[in-house]
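Undergrad: Throw the hints in and build the complete structure from the sequences for me.
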Amino acid sequence: MRFIFKTKYDQDISVTRHGGDRFWYSLLIIGMLFMPLLIDDFYLGEISYICILAIAGIGLMILSGYTGLASLGHAAFLGIGAYTHAFLLTHGIPFILSIPIVIIVSFLVGAIIGIPILRLSGMYLAIATLALCFIAEHVFIRWEHFTGGNRGLAVPYEEIFGISLTNSAVFYYLCLFFLIISMFAAINILRSPTGRAFVAIRDSEIAAQSLGVNLGIYKALSFAISGAFTGLAGALLAHYIGYLAPDIFNIFLSLTLLLLIVVGGMGSLHGTIFGAIFVGFLPQLIAICRDYLPSSIGSQPGLEPMLFGMILVLFILYEPLGIYGRWIKIKLFFEMFPTYKKQTFKKQKVFNKTDRV
Amino acid sequence: MSYFEIKDITVTFGGVKALNNVSFSVNKGEIFTIIGPNGAGKSTLFNVISRIYEPGNGEIHFNNQNISKSKPHQIARLGIARTFQNLELFENATVLQNLLLGRHIYKKSNLLNELFFTPKVKKTELEHRLKVEEVIDFLNLQHYRDIIISGLPYGVRKNVELARALCTNPKLLLLDEPSSGLTNEETIDLGFWIKDIQSLLNITVVMIEHDMSFVNKVSDRVLALNYGEIIATGLPEEIKNNDKVKVAYMGE
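So the protein lines, in turn, are chains A and B. Residue numbers for the first sequence follow this note's numbering, so the first one is 1 and each next one is one higher. Residue numbers for the second sequence follow this note's numbering, so the first one is 1 and each next one is one higher.
Treat the hints as calculated values from the structure; they're not laboratory data. Hints may be right or wrong, so weigh each one.
Taking lysine to aspartate or glutamate and the DMTMM-like style, the derived pairs with C-alpha atoms no more than 25 Å apart in a straight line are [stated by the list, open to error]:
id : chain 1 : residue 1 : chain 2 : residue 2
1  : B       : Lys217    : B       : Glu186
2  : A       : Lys8      : B       : Asp146
3  : A       : Lys8      : B       : Glu127
Across the chosen pairs, the derived CB separations fall in these ranges [stated by the list, open to error]:
id : chain 1 : residue 1 : chain 2 : residue 2 : range
4  : B       : Leu200    : A       : Arg119    : 37 to 45 Å
5  : B       : Met1      : A       : Gly216    : 28 to 36 Å
6  : A       : Trp143    : B       : Ser180    : 53 to 61 Å
7  : B       : Asn66     : A       : Met336    : 51 to 59 Å
8  : A       : Met336    : B       : Glu127    : 31 to 39 Å
From the three backbone atoms N, C-alpha and C, an ideal C-beta is built for every residue, glycine too.
TA: In structure tokens:
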């Protein structure tokens, strides 16, 4: 077991807790950099997709995992990001300029939508965000000048510094770069006063308010930040898909993102990565499994959504903290061996809360 | 005008008058206790002061300012901090994060410099930490800094909530039943701390309390409330021997 001897307040602020952390994370990044040498183009594409999902996951995690606001409509932000990016590229704006514009646009859209609908809470908020998802899909269909409607919109062939994005290794590095940047941005927000205010809103609105947190502003801010991350993911997704059609950004994509953060582990940024790997590889896994199942089951069309739903339910029931929570338990098991007790993670009795106002 | 003054506050829930024309004033540097049986309107009064409930009529004055029209999140900035009857801590955060949230009103950073965690943000974070450490030393919370609230015993949680309120550097502290659920020893400690809060930190304290021996030991003045109306105000000794108070608690 590692005991961290703290001699400076900086140690509580820094991103990594100790040298071991720094070593393993650096090793992970170096490993990721050598990935194109090790695996073929197909799996490189899959990993790029996982990076994109993880960026969107960070967005939803900030909103749901840290601020405690449910959203069933995040596919809308992916769509806004993707369409804005494709629109800008077709009008000759270079990639490097287009990405910041996409981030700003989705941030603003998040803020504008956030201000009215975040007066709702719980179930009603979930329904409002669900409506957002459907409205966005319709806007993508009807606003033909901007989105090409049902005909779809081709994402232009793009080069950065003269290197084509269609090269899967280049695209992989691009996604990895944005994932690392997003991760640092999220960590920075969460360790500063704004991030703490989000956590405060999640755990007790009434106490947050009496400590001077303006609920309206911070909820809208959380929605906007969440939208910005998801919009960025949408822009990258546009390149991954290559051809945008409105029905890509449907409710099922929103649910996939929700599955991602729940399976990964609510309230942890590690969880977004675990969740993205899980959600990204699950369709592959199902496709592989289909071959080995009896044809009466293997060729069923609805297998994928059914398994998604089932996994979501099983995780909520048996491992509410997700894969990351399980990982912490396994780690503690080995650290404490042989004295590990299951009760360590048993939730303490919840004391009565002041009547919610 | 007094330091803190409640004028003709009336709160009605449907047909029930939770508070009926309640007026009283608190002097600067005083420990003022509100007592009363269950349902007397004590917590309602606190919720009116922290602007969570909208009073039907009446005014609240603090430090020569009318705060009856302030928003709930502006109250902390005016220098009023509070604790809650049944604890409203941030359960899934560490003690340290809870206390740092007490510094929220002194936040200087904006989203842009937080995004890059600039040296300026780090510097203010360290300043907040120093203040938080002062409070940790004051309330003996050194052992609990990195522990998540949901893993702490009740007594310590109560302490953390008091500490969080102190981190806001308040001028007026509202304590809602600070001694409920505490052991005898913890209550004795709490008595000393409240006295210290008054004398060392120069904070005016208004508290709701049931434990009469504790009230007698700590408070300067006591107000008794029953069915939303004031039945007596005075020194702890006077209140203890007041006939109306006896009737309110024991019956005829």
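Undergrad: Identify every previously stated hint that the structure contradicts and give their numbers, smallest first.
TA: Per hint list: zero violations.
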